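Produce the complete structure using the sequences and hints provided.
Residue numbers (the working numbering), protein chains in the order written: chain A, 1 to 117; chain B, 118 to 291.
Derived from the structure by calculation, the hints contain no laboratory data.
Watch out, some of these pointers could steer you wrong.
Straight-line C-alpha distance at most 27 Å; calculated BS3-like pairs for lysine-lysine [stated by the list, open to error]:
hint: 1; chain 1: B; residue 1: 210; chain 2: B; residue 2: 231
hint: 2; chain 1: B; residue 1: 231; chain 2: A; residue 2: 72
hint: 3; chain 1: B; residue 1: 210; chain 2: A; residue 2: 97
hint: 4; chain 1: A; residue 1: 36; chain 2: A; residue 2: 72
To give an idea of the chain B side of the interface with chain A (calculated C-beta under 10 Å), a few residues [stated by the list, open to error]:
hint: 5; residue: 186
hint: 6; residue: 187
hint: 7; residue: 189
hint: 8; residue: 207
hint: 9; residue: 211
hint: 10; residue: 230
hint: 11; residue: 257
hint: 12; residue: 268
hint: 13; residue: 269
hint: 14; residue: 283
hint: 15; residue: 284
hint: 16; residue: 287
hint: 17; residue: 288
Using C-beta positions, here's what the derived DEER-type ranges look like [said to hold, decoys possible]:
hint: 18; chain 1: A; residue 1: 47; chain 2: B; residue 2: 171; range: 41 to 49 Å
hint: 19; chain 1: A; residue 1: 97; chain 2: B; residue 2: 171; range: 21 to 29 Å
hint: 20; chain 1: B; residue 1: 207; chain 2: A; residue 2: 79; range: 21 to 29 Å
hint: 21; chain 1: A; residue 1: 47; chain 2: B; residue 2: 254; range: 30 to 38 Å
hint: 22; chain 1: B; residue 1: 269; chain 2: A; residue 2: 66; range: 21 to 29 Å
Everything numeric in this text was worked out from a predicted model, so none of it was measured.
Cβ coordinates follow ideal geometry from the N, Cα and C atoms, glycine included.
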Amino acid sequence: MAGITTHVLDTDRGRPAAGVRVDFSVLEDGRWRLIKSVVTNADGRTDAPLLPADQARTGQYQLEFHVDAYFKARSGTDEADIFIDDPVVRFAVFDAKQHYHVPMLCAPSSFTTYRGS
Amino acid sequence: MDHAADRYVLTRRSLVATGLGAAASAGTALAQGVPAPTGSPAKPGTLTTAPVSQSGLSPRLTMHAIDNFHGTPGAGMVCDLAMLDGDGYRPIKTVTTAPNGRTAEPLLVDDAFKTGRYELVMHVEDYFATFGVKLPSPNFLGRVPIRFRIRDAGQRYHLPVLFTPWGYSYYRGS
Numbered sequence: 001m002a003g004i005t006t007h008v009l010d011t012d013r014g015r016p017a018a019g020v021r022v023d024f025s026v027l028e029d030g031r032w033r034l035i036k037s038v039v040t041n042a043d044g045r046t047d048a049p050l051l052p053a054d055q056a057r058t059g060q061y062q063l064e065f066h067v068d069a070y071f072k073a074r075s076g077t078d079e080a081d082i083f084i085d086d087p088v089v090r091f092a093v094f095d096a097k098q099h100y101h102v103p104m105l106c107a108p109s110s111f112t113t114y115r116g117s
Numbered sequence: 118m119d120h121a122a123d124r125y126v127l128t129r130r131s132l133v134a135t136g137l138g139a140a141a142s143a144g145t146a147l148a149q150g151v152p153a154p155t156g157s158p159a160k161p162g163t164l165t166t167a168p169v170s171q172s173g174l175s176p177r178l179t180m181h182a183i184d185n186f187h188g189t190p191g192a193g194m195v196c197d198l199a200m201l202d203g204d205g206y207r208p209i210k211t212v213t214t215a216p217n218g219r220t221a222e223p224l225l226v227d228d229a230f231k232t233g234r235y236e237l238v239m240h241v242e243d244y245f246a247t248f249g250v251k252l253p254s255p256n257f258l259g260r261v262p263i264r265f266r267i268r269d270a271g272q273r274y275h276l277p278v279l280f281t282p283w284g285y286s287y288y289r290g291s
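This is how it looks when you write it as structure tokens:
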């Protein structure tokens with residue numbers, strides 16, 4: 001299935017990161033246009049795909065993960081230890097027929113993303 | 118036929134013709150005192166150096182680009198450093214990594230090392246193009262923004278970035 005999905009995981013605690021706001025944008029005429037803001041569910045995923053299959057288009061897309069608020073709301077986190085700063089992932093959909101799963105793994109001081117499946 | 122060897126020959130040619138020299142001149146490598154990476158080995162930044170310990174050095178921001186596709190330092194990576202100022206990021210400098218994947222000088226040190234919210238944009242697609250890696254066009258990753266905070270200018274901050282054409286990882290190192 002084509003489209004874009006994400007998954008937010010808290011690798012510090014070894015569990016999905018629930019309640020993280022994700023801003024999903026597309027590059028249009030050199031500017032990032034917000035398509036939607038969603039919040040991760042209990043499984044760290046979004047209830048619906050960020051970009052459903054019937055809207056899949058080639059282009060440059062952006063995910064902004066608002067993990068700062070998530071970490072601050074998490075019990076036992078020292079704000080001084082938060083190094084990553086609301087990470088932004090920019091990626092190209094180069095073939096609209098493919099699916100792009102873009103997971104992110106985070107801890108207060110580390111961030112990882114990749115093309116998943 | 119040894120396809121791998123064939124590819125390295127092509128890579129060496131492309132390096133001599135345009136590759137890392139162009140990357141270095143695009144940045145401020147000369148101004149930074151980074152050795153011009155002409156005559157580089159066929160593979161990017163062949164690993165001949167031992168790890169570097171920065172323990173005990175004064176507060177500063179340093180980085181290390183590591184190419185997990187080739188298993189080498191990320192040499193010749195163009196990186197734009199900027200600081201959040203109001204609604205946008207204000208450019209500070211553009212640097213190019215040396216053959217060991219580090220910058221010749223700290224990204225920030227002394228009076229320039231301030232608390233704040235920073236962004237380091239790494240030219241990942243250009244980097245792999247320089248080494249002749251065949252990728253989709255545009256590639257999944259183009260220019261990769263790395264966002265982080267310096268919360269205490271009395272501490273030393275090291276920013277390692279591990280990257281491939283399909284993903285990356287960064288963390289507060291040491």
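Now the hints, each set against the structure:
1. B:210 <-> B:231: Status holds; Cα separation ~15 Å.
2. B:231 <-> A:72: 23 Å, holds
3. B:210 <-> A:97: Violated - the C-alpha atoms of residue 97 (chain A) and residue 210 (chain B) are around 39 Å apart, more than 27 Å.
4. A:36 <-> A:72: 23 Å, holds
5. 186: 12 Å, violated
6. 187: Residue 187 (chain B) check fails; min Cβ-Cβ to chain A is 17 Å, beyond 10 Å.
7. 189: 19 Å, violated
8. 207: 15 Å, violated
9. 211: 18 Å, violated
10. 230: 15 Å, violated
11. 257: Holds - the Cβ of residue 257 (chain B) comes within 10 Å of chain A, reaching about 5 Å at its closest.
12. 268: 6 Å, holds
13. 269: Nearest chain A Cβ about 7 Å off; hint holds.
14. 283: 5 Å, holds
15. 284: 3 Å, holds
16. 287: Interface hint status for residue 287 (chain B): holds (6 Å vs cutoff 10 Å).
17. 288: 3 Å, holds
18. A:47 <-> B:171: 41 to 49 Å: Check passed, 45 Å falls within 41 to 49 Å.
19. A:97 <-> B:171: 21 to 29 Å: 47 Å, violated
20. B:207 <-> A:79: 21 to 29 Å: 24 Å, holds
21. A:47 <-> B:254: 30 to 38 Å: 33 Å, holds
22. B:269 <-> A:66: 21 to 29 Å: Cβ of residue 269 (chain B) to Cβ of residue 66 (chain A): about 23 Å, so the range 21 to 29 Å holds.
Hint compliance for this structure: hints 3, 5, 6, 7, 8, 9, 10, 19 are broken, all remaining hints hold.
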